[in-house]
Amino acid sequence: MVFNTLQFLVFFMVVTLWFFRLQNQRARAALLLIASCYFYMARIPEYILVLGGIIVVDYIAGIQIEKSEGSTRKFWFFLSLLVNIGTLATFKYYNFFIDNIQTTFHFFGRHVSFPALKMALPIGLSFHTFQAMSYTIEVYRKNQKAEHSFLNYALYVMFYPQLVAGPIERPQNILHQLRDYRPYNWDNVKAGLARMAWGFFKKVVVADRLAMAVDRTYLHTSESSSLSIFIGALFYSFQIYCDFSGYCDIAIGAAKVMNINLMENFDQPYWSKNVTTFWRKWHISLSGWFYDYLFNPLVLALRNNGKTAILIGLLFTFFISGFWHGAGWRFVVFGLLHGLALVFEYFTRKSRQKLFKGMPPTLSAITGISATFAFTMLAWVFFRAENMHNALEYLKALFAFRGGSHYVGMNRVELVFSFALIVITVGREKYKPSNLIINDTLFYTYMLTMFAICYYFGVFIENQFIYFQF
Amino acid sequence: MLKKIVRDFCIVFGLVALYASTSRNAMQYLSDKRDRNAWWGTYQCPHGDLISMSYLDFIGSFLLPEDKTRIHPPPYNGRRKTVLFLQGDSYSWHMNDTDFCGLVDYKHIPRRTKLNYQLDTTRTNILLLEIAEREVRNYLSTQSIFEEIIDSANSPKPTISKVVGQHPVYMAGAIPALTTDLLFNPYINQNLQFNLFNYQFIMPIFQSKAALNYYAFSRASGDVVISDDKNYLFLKETVSYTDAGSSYIPIPDAEIEKLTVNLNIIYEYYIKSGFTEVYLAIIPNSATIVQPKGYNNFIPRLQQAVSLKMKVIDSYSFFKSADHEYCYHGDSHWNYWAKQNWLALVNKELVKY
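Residue numbers (numbering that gives the first Met the number 0), protein chains in the order written: chain A, 0 to 469; chain B, 0 to 352.
Hints in this document: simulated from the structure, not taken from any laboratory. Fair warning: there could be bad hints in the mix.
Unchecked claim - To give an idea of the chain A side of the interface with chain B (calculated C-beta under 8 Å), a few residues: (1) L5; (2) V9; (3) G85; (4) L218; (5) S221; (6) S224; (7) W323; (8) A364; (9) F450; (10) C453.
Said to hold, decoys possible - Among the chain A residues that face chain B by a calculated CB cut under 7 Å, a handful are: (11) V13; (12) W17; (13) L21; (14) A308; (15) S404; (16) H405; (17) N410; (18) E413; (19) L441; (20) F442.
Said to hold, decoys possible - Within a straight-line C-alpha distance of at most 30 Å, the following computed BS3-like cross-link-like pairs (lysine-lysine) qualify: (21) K106(B) x K208(B); (22) K351(B) x K117(A); (23) K91(A) x K113(B); (24) K117(A) x K66(A); (25) K395(A) x K156(B); (26) K431(A) x K235(B); (27) K117(A) x K156(B); (28) K208(B) x K271(B); (29) K117(A) x K73(A); (30) K117(A) x K106(B); (31) K292(B) x K156(B); (32) K113(B) x K117(A); (33) K271(B) x K257(B).
Cβ coordinates follow ideal geometry from the N, Cα and C atoms, glycine included.
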């Protein structure tokens, strides 16, 4: 189920009201689990069996890891990792691997053929497998006790607000909240609903509007002028931000209404003064996951190699991070570009500090923010394009400084309006980061205004969230 | 206490809305019962389906002019020995046996409904597949037709290959298909929209949004797109660059070849089942005729495929070269003139038998 649909709004109303109607936490957990199954199955019902299989294995593995030692403990840990990574590899990467193997053999004049798997990727697979792995890793590291209630564990993986696109929660943050009775709290309801309204605004008013221009420039790259290509690239930077952070706002808000706090996933990333900071503010839950479970152990293992360990750690982590986003070389390039930027920043930290020291603080901030934004904007081209060829064509068109069609899929009024929306969104989050809800009257006014704005200025096409595909 | 009553009412209301919008029977019942003339009735613009979808009934250029053309039965005094099986969509609704020449019997099979046939071999049995251009790639690359036009003798059905897009396919046997029709309906959002908001008295709100989009942003809302010359409305799926039914989406030659193979399989199956002849009649998208710049030439490429065995009713060439309006400005369908001429093309074939 997609958040920006009527089905979700009705579903959310029923589930939330029913949740507060129940006085028993077990009953509430059961309700949320059933609701989450319905939420997940609304797209491709059959895939609930895949998700169910992962949950059962990880639930048993968690308990076994906790109560065993030595090789048995390792066995269950690696079994859990194998099932999660294996499922991900099968559904998401199998075709990519066999394509590349076949191409490599073909290059050397040999022809091999493997059967391709014709199937859709289960929605949000990368998210819930990572959340499930987070649990077994934490239990293995003895940072978290195994969850003995199957109901609670299943809900930890399947909790519908964050089931398909995160935030990728750690068990320490969420499991106890799902276990404990969460009393009704009107302030949380207001804060949650206001947060959801802001998320809907970012999705249907900003992201889906910018998508019209982005889609147009990516589809008509060859005939578009460099200016329209630039607008397309610029808009995509904000489209993906408003799309994904809008999703997170709705997810965090929906949980907040039920008095459950999910972690923040964004912290105004486009105000970052360097790429390293950008990754501390963009998709925080995924960056944190990779930092804790991949980068840190890797650097620790290679610590005798000095700075090379950092270099290898960064490049490998971002290689995997790019690959996590999708089975394609363009995602790998996207990850490696960011990895190289972080390596560059790590090795030039002192000289950059020296350089910026001589500048007025405002100028150094503007320089840093602009350079970081320009880099991320260009890197997003690999993320958005259909394939490597299209990405390179797009970048070539951008730097050709050529003429051509300036039309970007919207008239001038809408183009100016889109720029205004970007300024409003970024400005509102920068200068009014907390929600505006102080009293009930203001809350109702805010909600009615947001409802009217979302309705009148929303672009209601059946656009799913970009990150759902991962 | 009042809060609790409101809360419980909202829960029940939400559940009923979800159920009613999921169940096909409930939707049928509700749409039959809704009175279109009452203030709480459904909104259906008399000037065209695309106007209804976009709420642009305040723009004069999209409104239907009074169409004085009437469908006249063809003059025919010859022998009547043909049975015509016409599988079609909304284009062939309201057609009847008097519109065709030489028929002794006429069976209209709305697409996505079933007909078990048993042919009278003493007659000439013609199968005519009328299909809108936007449906061809998806429909004729699936097995659906064999589940809809069914030989009562149950001759074994051949397999045709899927050639369009990335459709969800499950690992055969590895993941069992679940029967979930009671809980899920792919059209639930459209159904909820119909049940919760499609009321005459709410229309001014929808129209005000349509006016905002039209006057400020020069576009229509949702699934409708305004033509380049601003005179026509098109279904978005027929003009987008991503939908399979679009007139402008690039179609590789390999796909035309695969579709040709599929059409030949369909042809051979029904000929073997006893049909005298099988015809394919693709009705062009409005955009194909009205806004031909950038057309992917899907219809001529498919119809002119050398290996295609199925006979074609080539209305595309006729409408393209005719100096007459082909469709209504605010409707996805052809006008009476086009319908009359399409019938003439069909009858030209039927009189041969």
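Hint numbers contradicted by this structure: Of the numbered hints given earlier, those the structure breaks are 3, 5, 6, 7, 8, 9, 10, 13, 14, 15, 16, 19, 20, 21, 22, 23, 24, 25, 26, 28, 29, 30, 31, listed in rising order.
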